[in-house]
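Sequence lines, in order, name chains A and B.
Using our numbering, the letters of the first sequence correspond one by one to residues 51 to 740.
Using our numbering, the letters of the second sequence correspond one by one to residues -1 to 316.
Because the hints were derived from the structure by calculation, they are not lab data.
Treat the hints loosely; a few may be bogus.
[To be verified] When the alpha-carbon atoms are kept at most 25 Å apart in a straight line, the in silico DMTMM-like pairs for lysine to aspartate or glutamate are as follows: (1) A/Lys502 to B/Asp206; (2) A/Lys677 to A/Asp588; (3) A/Lys677 to A/Glu737; (4) A/Lys677 to B/Glu18; (5) A/Lys502 to A/Glu448; (6) A/Lys502 to A/Glu482; (7) A/Lys502 to B/Glu163; (8) A/Lys677 to A/Asp111; (9) A/Lys502 to A/Asp414; (10) A/Lys502 to A/Asp575; (11) A/Lys502 to A/Asp601; (12) A/Lys502 to A/Asp561; (13) A/Lys677 to B/Asp157; (14) A/Lys677 to B/Asp206; (15) A/Lys502 to A/Asp532.
Note that this is a predicted model, so its numbers are computed, not measured.
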Amino acid sequence: MTKTCAALAVLAATTVSPLHGAVVEPNYDNVDTSRWRCRLCPFDLSTVRQGHWRVEALAVDDAHTRFGRDNGLDRAGVRGNGDASLAYGNAEGRHLAIDAVDLGLDSRQARFRTGYNGRYDVLVQWREVPRIVAADGRTPYSGDTMLELPETWGDREPQNATAASAQFPYATHRRQARARLSFEPAPAVRLRASYARETKTGTTETFADRFYQATGLPKPIDHASEEIRGQAVFTSQPWVVGAELRRSRFRNANAALVWENAFSPRGDPTGRIALAPDNDADTATLTSRTGFGRTRLSARLTWGRHRQDDAFLPYTTNGGLGLEALPAPSLGGHARTFAGAVSLASRLTRRLRLSLTHRQHERDNRSPVLMLSPVLGDLIVTPPRPSRSYGLRRQTTEARLRHRIGPRLSVALGGRSTEAERTRLEIARNRENGAWVDLLAHGPGGLALSLKASQASRDASPFRTVSRNNPLTRRYYQAARDQRAWRARVDYRVPASQVALGAEAEVRATDYPSSELGLTRERDDGWGVDVSYAPAADIYLSAFLESRASDATTAGSQSHPPIDWYYDTFDRTRATGFVARANGVLHPGLDVELTYSQVDGRGRYATAFADAVQAFPELVSDHRSLKVEATYRWRRQTQVAVRWYWEDYASADWAFRGVTPDAIRNVLTFGRRPPTYTNAFLGVSLERRM
Amino acid sequence: MLTGSLMAAEAHAAGPAHDELVAKFAEGEYSRRGADSCLGCHDEDEPFPTLEVFRTVHGHPGVPGSPFQMAHGAVLPAGMQCEACHGPAGEHTAGILAVGASREPMINFGLRGNADAAVQNGLCLACHANYERAHWAGSAHEQAGLACADCHLVHAEVDAVRTRERQAETCGRCHRQVAADTLKLSSHPMRDNQFLCRDCHDPHGGGDALVRRATINDACLACHTDLRGPFLWEHAPVVEDCGICHVPHGSNQPALLVRRAPQLCQGCHSSVGHRSFAQTPEDLAAGRASAFLLANACLNCHFAVHGSNHPSGNLFRR
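Kindly generate the complete structure, drawing on both the sequences and the hints.
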């Protein structure tokens, strides 16, 4: 209650501050617009009656799942595609627009919008988002929420599952519909209401086990999410005040997934896992902003309520265990959240700038704590234990002072303090204090230099035992840590040319000084160089090379203690890009653009154990793509475009390499392989503008 | 994070004209003929297409608050035509110049900006300090010295950053590392512009990492509604911050993970038994083919890591 009152007081303070100021103070005292006829203004351009249609033939060389992961271009062959649009607007401010994009692809979108500027606005939108993750997964199961093994399964062992399995698509498809109405009953007031609905259907993967014998299961997805939103905004400079209500609900058509045990010759007993439960979330947000003098003050406060009350499934499918009844038919889950942010930005003098921000986030899980006797692997009844719910409170205060020492030099100093409190965890409280300095200098010519250095230190409250974890372990998101970072960037615009050069580097090192086990250190390094050249408005060339690496060390102990093993994990990404654009240079009316991207990923993992360091095979994830687009304006309103896209992807992953469905003695996997392919598509389109 | 562009590095130096431009605003010597004073010289033959602004709301005579709003009673700077944004003409429109002389400067924006970002933005915010930009002051982009025109094309008929096709490209000019992340093994569907930066972020000032929702978790759960809970058995880091295990833009590990299982999981879990076992290359498919290392590793059994509502799901296995 105290917190809510305080938050509302801050919000109120932002709305009652009486003065308004700006960085630039225009002086309109001497304005005389009586002769401002605007005779040269082509206002006829504001009346718009235009539209276009585009038809395209798309030819995809080969069928590769990842190639068409998000756009539906996963099948080989030729298909048609097209866009269309129509727009109308008049000098009074009425407008109407209809557009549809990629109608021939699974990623199609359509939008209708109409309104009257300053009065109302209506938007209706449709969007589809495909997601094809893999098509090479194999499973012996058939069915939807009741997964059955082949009738002949009894004659087979899981170790022979490869032959008995069939491929299934791991893919989902989202369909999103949205409608929004905005209404401005007065110049200072805007009311807005919207409704959005998304359905997600398809199949994904999950796993489940019966006492250390695990099975990959195709999981049906049949989700529907809806959100209703109402918003009222009042604007009268310097005040902006807004209130917003959201009500969201998630519904899953499937409550459980039942599967026959692949490790039993008869396929039974069956197992049952819970699927995502239905839930509801409501939020109320109040927003305010104002200014006084050279100061801006803003606040946003959001209160939330999450509820989940899906009926429990039984403890187990094993009816022979003589279990007590569940303590409740459902959880009656209920969590309240609060997120508040208050920010002040002030120009103390012409050269001195102060920013203060305070953020607070709370999650108060008020779900009842139930005493339950979980059944392990559908075989062993474990002693009663309380259900787990967590609460969190985190607040951050940040201050930043920037001083423009001169026209070419500025320095910023900043500090941040974060405090986190958690319920029921080993580290109940963290406090982190950090500071940074940021220097920006502009040298002679086009030289600019930016340097930033920061340091932060996080302490942790005394460790308390709440689990069977090794007490030497500190979970890294709760652990004490020291973090140091620096970043430098230099830019140079070559005088009397249109060449810009840039180079940058950064390092961030994190140590967990109290963590004898678990993640003990991390280091991130990055560097990059870039160049751009724009000799004329219609020619542009740019290129860049960047590298980023992250390595970490995790310590472990099998012998409790001493520490007897370490993981060293090293991930590196190197990205290269090149863009060339020439509009009307090679031939009048011909625009050409070429884009090359290369992202090479490497992962080197090693384990130090028993006086030996053993390296895993290198993880590889290499992407190369080249896109060439040429558009020729054939006539004033007609153009022909050709686009060609080539992609080469290679990957190697020891977690999947050679892992056929029956490769692991006690896990029936999908036998998926890391993707490797080369593919391309060619699109030829004709576009006509009206 | 590498930003990859001088634009994001507080690059708008207060140029030599800065103080003069600010002083011109204070003096308020506006032209006698408004836009007609400008358009005589600044036409379509300019390298920067001036007249295209009349295809936008800024050049629309019927849009309330527009610089070219021709209705009487408009609240200034509405109706101030070119000088609403570019400032009072002063001596800029003076007649023929002597050889070698240059005209008095007018304020320019974006790449050609000749005043610092705060001055440029102050002019935009004179009209656009509305609900959507209520949190601009003090936001990460504002503190980084970004000018509105670094992202927005005010004179162009189509403002690229507001289109599905060009938004990611505009953001990627500075956030190049993020653009590269979208090409990694696992990523959100951003490569083909199915998801836009704006779907998660509010570049005009949001919460942590400029997300549109109150917190990062709220932003994630806006789409991943199935993970919202509250669950009977919760996993503490899921409640605290999705970013403890996931990176949002792209990862060379499956499922946008910061590191892969089991190495990631064993960073926290170390109790007696298999959680404390060292996984070595001897456990690969060609060796002992360990269930703790291969395929989904820990998630081969503990698949419900985001929380379980099953009475026997205390170990996230149901």
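Hint by hint, here is what the structure shows:
{"no.": "1", "hint": "A/Lys502 to B/Asp206", "in the structure": "holds (20 Å)"}
{"no.": "2", "hint": "A/Lys677 to A/Asp588", "in the structure": "holds (19 Å)"}
{"no.": "3", "hint": "A/Lys677 to A/Glu737", "in the structure": "holds (20 Å)"}
{"no.": "4", "hint": "A/Lys677 to B/Glu18", "in the structure": "violated (46 Å)"}
{"no.": "5", "hint": "A/Lys502 to A/Glu448", "in the structure": "holds (17 Å)"}
{"no.": "6", "hint": "A/Lys502 to A/Glu482", "in the structure": "holds (19 Å)"}
{"no.": "7", "hint": "A/Lys502 to B/Glu163", "in the structure": "violated (34 Å)"}
{"no.": "8", "hint": "A/Lys677 to A/Asp111", "in the structure": "holds (15 Å)"}
{"no.": "9", "hint": "A/Lys502 to A/Asp414", "in the structure": "violated (37 Å)"}
{"no.": "10", "hint": "A/Lys502 to A/Asp575", "in the structure": "holds (14 Å)"}
{"no.": "11", "hint": "A/Lys502 to A/Asp601", "in the structure": "holds (22 Å)"}
{"no.": "12", "hint": "A/Lys502 to A/Asp561", "in the structure": "holds (20 Å)"}
{"no.": "13", "hint": "A/Lys677 to B/Asp157", "in the structure": "holds (23 Å)"}
{"no.": "14", "hint": "A/Lys677 to B/Asp206", "in the structure": "violated (35 Å)"}
{"no.": "15", "hint": "A/Lys502 to A/Asp532", "in the structure": "holds (17 Å)"}
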